[in-house]
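Residue strings, one per chain:
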Amino acid sequence: MKDLEREIGSRFVGNEEAISALILNQLHPRSTTLIRASRGVGKSTLMLLALKGICGNGLVVVSGASEVKRGEVVGRLHIPSLEKEGIEKVLWAAFVKSRGKALDEVNRLNPYTTANIHHLMQFGEVWAYGEKAKVEDYVMVANENPMDATSFIHPPPFYDRFDICLFLRSLTLSEKFRLQELLEKYDWNLVESMPQVLSFEEIEEARKEVSEIELDPTLVGYINLLVRDFQACIRDKEESEIKPPALCEGCHFIRDICGRVKDPLSERATVALTHLVKASKWLRGTCEFEDILHMALWVLPHRLTLVRTRNILGDLQDLLEREKVKMADRDLRRQWPLLNELMKESNRTVYRLAREAAVEDVAFAEELIRLEEKWVREGVVKQDETLSVQMGWKRPSYQGVSF
Amino acid sequence: MESEKYRRFLEQQARRNPVRIEGSLASERFRVSWEDNEDRAALNTSSDILDSVYFGKDMQETVVVDRKAAALLQDRLRGLEEENIRVRKRLKLMKFISGALLLSVALISIAFLGGFLPQI
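These protein sequence lines are chains W and G, in that order. Just so you know, this note's numbering puts 136 at position 136 of the first sequence, and the rest follows in order with no gaps. Just so you know, this note's numbering puts 494 at position 91 of the second sequence, and the rest follows in order with no gaps.
No lab work stands behind these hints, which were simulated from the structure alone. Predicted model only: the values in this text are computed from it and were never measured. Where is the CB? At the ideal position from N, CA and C, for every residue including glycine. Errors might be hidden in some of the hints.
[As the list claims (entries may be wrong)] Derived lysine-lysine pairs resembling DSSO-like cross-links, with alpha carbons at most 30 Å apart:
#1 W/243 - W/281
#2 W/344 - G/408
#3 W/84 - W/97
#4 G/460 - W/262
#5 G/460 - W/326
#6 W/281 - G/408
#7 W/324 - G/495
#8 G/408 - W/208
#9 W/324 - G/460
#10 W/208 - W/134
#11 W/134 - W/176
[Unchecked claim] Which residues of chain W face chain G? A partial, calculated answer using Cβ under 8 Å:
#12 217
#13 218
#14 220
#15 221
#16 282
#17 331
#18 337
#19 338
#20 339
Could you put the whole structure together from the sequences, leaning on the hints where they help?
This is the structure:
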């Protein structure tokens with residue numbers, strides 16, 4: 001994997017972090033990467049370099065810039081079989097069978113093609129003419145320029161199925177000199193010179209080893225807390241017809257991270273972060289909380305909507321800085337050790353301290369409210385004495401029913 | 404049903420940021436307190452002033468007090484001032500009562516002495 005990173009790095013100037021993220025994201029089955037950038041920054045080049053490094057010439061590109069037909073993405077009928085024997089035999093498209101799948105200019109793909117690819121990513125299968133084909137493990141890299149005038153607006157669940165979203169920047173002065181040297185060295189074709197660094201069997205072996213890594217509960221806790229902080233809402237925004245900022249008016253947590261997030265993260269963010277943390281442990285031998293925050297910049301941008309967006313990466317960086325402070329505050333308040341004590345046995349004094357911590361942290365309040373519900377059932381506390389009743393807060397529910 | 408990993412996460416957090424409970428939780432008399440781990444980097448935050456006030460730790464060259472800690476101290480000072488006024492009032496009353504008691508003891512003593520003297 002390090003050789004692959006080196007080979008790509010020797011042909012792709014700048015954006016080292018994007019290359020590094022792209023490599024890490026290949027270390028789990030059915031990996032999907034989305035590259036977002038404006039035109040001419042190297043989206044397609046990076047996509048092809050990565051896929052060529054893994055699949056050689058076996059990669060298949062579906063481009064939104066060309067006229068894509070269903071038969072090219074999923075499958076078509078075998079006409080001789082139909083004419084001679086009257087049998088509907090499906091010839092599955094190269095895109096379905098290929099291990100390396102490239103989607104160029106995703107924003108230009110028509111909704112029908114997108115729906116087929118969405119189904120492939122979701123269920124690992126494709127359908128055509130009543131026939132189903134299972135799709136084997138693959139590497140999918142896509143790119144798009146959402147600012148493009150000829151864009152289709154694809155549904156958020158489609159983008160949610162991409163593990164990470166990488167942003168590319170244009171080159172600095174010195175980097176431009178380096179690019180020109182590289183272009184001359186590789187005869188103006190960077191992708192053609194890219195060798196296949198490892199076989200798909202080797203990457204499958206690596207993926208298997210990565211999946212067997214057991215993560216430390218603290219790291220898992222950091223991932224879950226980070227995602228929860230971008231989801232939690234004491235006014236249940238997921239089910240509410242009114243969304244922030246209107247929903248947040250008069251809320252105790254209005255200045256918290258939750259007040260800046262309009263549409264919260266899906267659980268796929270947790271899965272994607274876990275895959276990346278495992279990959280980092282396998283490839284680099286280490287992964288700290290700071291690394292997880294860094295990875296969040298690849299996992300979050302295409303999955304949430306903020307109340308106000310000036311620059312999605314800048315705004316997210318600001319929120320992740322606040323998350324860092326939030327985690328330090330949690331340690332200072334000793335809220336998890338207090339919860340640990342309360343889970344062993346209920347106690348008024350520890351409960352009072354936990355309540356004080358809960359008014360500072362939505363994620364902690366949710367856990368305490370859940371514990372209160374258990375105590376109410378057991379008759380340890382009265383319903384009227386609980387934090388949820390006194391503050392008017394409720395745990396996430398679906399149509400008014402708590403889980 | 405709690406996840407085993409969730410329990411282990413809470414236990415690890417409890418080990419990293421220990422809470423000291425003096426006395427048994429089962430009894431009425433116990434105290435909950437905490438101190439920073441020794442290996443943790445020194446935080447120049449409002450906790451320093453609270454540590455020096457509550458745990459008697461040495462103050463650093465610069466002591467930063469954030470709004471929350473300042474409000475806490477302000478509230479505590481206000482409470483202490485009110486307590487001071489109440490105690491002073493009680494002290495005045497006690498002074499008056501002890502004066503009255505002394506006077507009554509003196510009067511009773513004089514009365515007793517007056518009762519005995521004519522017989523001598």
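Here's how the hints hold up against the structure:
The suggested pairing of residue 243 of chain W with residue 281 of chain W is violated, with an alpha-carbon distance near 38 Å, which exceeds 30 Å. Taken as a hint, the residue 344 of chain W and residue 408 of chain G pair is honoured in the structure, with Cα atoms around 16 Å apart against an allowance of 30 Å. With a CA separation close to 26 Å, the supplied pair residue 84 of chain W and residue 97 of chain W stays within the 30 Å bound. Note on residue 460 of chain G and residue 262 of chain W: the hinted pairing is violated, with a Cα-Cα distance of about 44 Å set against a maximum of 30 Å.
Between residue 460 of chain G and residue 326 of chain W the alpha-carbon distance is near 25 Å, which keeps this suggested pair within the 30 Å criterion. Between residue 281 of chain W and residue 408 of chain G, the direct Cα distance comes to roughly 18 Å. Compliance with the 30 Å bound is thereby established for this hinted pair. Pair hint residue 324 of chain W plus residue 495 of chain G does not hold up; C-alpha atoms about 54 Å apart against a cutoff of 30 Å. For the suggested pair residue 408 of chain G and residue 208 of chain W, the alpha carbons sit about 22 Å apart, so the restraint of at most 30 Å is met.
Taking the CA atoms of residue 324 of chain W and residue 460 of chain G, the gap is near 26 Å; set against the 30 Å cutoff, the hint holds. About 20 Å separates the Cα atoms of residue 208 of chain W and residue 134 of chain W, which keeps this hinted pair within 30 Å; it holds. A hinted pair counts as satisfied when its Cα atoms are at most 30 Å apart, and residue 134 of chain W with residue 176 of chain W does not qualify at roughly 44 Å. Given hint, residue 217 of chain W at the interface with chain G, holds; its Cβ is 4 Å from that chain's nearest Cβ, closer than 8 Å.
The beta carbon of residue 218 of chain W is positioned within 8 Å of a beta carbon in chain G (closest approach about 5 Å), and the interface hint is therefore held. Evaluation of the residue 220 of chain W hint against chain G yields a held restraint, the C-beta minimum of about 6 Å falling below 8 Å. Of the supplied interface hints, the one on residue 221 of chain W holds, with its beta-carbon coming within about 4 Å of a beta-carbon of chain G, less than 8 Å. With its C-beta approaching chain G no nearer than about 19 Å, residue 282 of chain W sits outside the 8 Å limit, and its interface hint is violated.
The restraint placing residue 331 of chain W at the interface with chain G holds, with a minimum CB-CB distance near 5 Å, inside the 8 Å limit. With a least beta-carbon distance of about 4 Å to chain G, the hint placing residue 337 of chain W at the interface is held under the 8 Å criterion. Interface restraint check: residue 338 of chain W against chain G, minimum CB-CB distance 6 Å, threshold 8 Å, status holds. Restraint check, residue 339 of chain W versus chain G: the minimum CB separation of about 6 Å is within 8 Å; hint holds.
Checked against the numbered hints given earlier, the structure breaks hints 1, 4, 7, 11 and 16 and satisfies all the rest.
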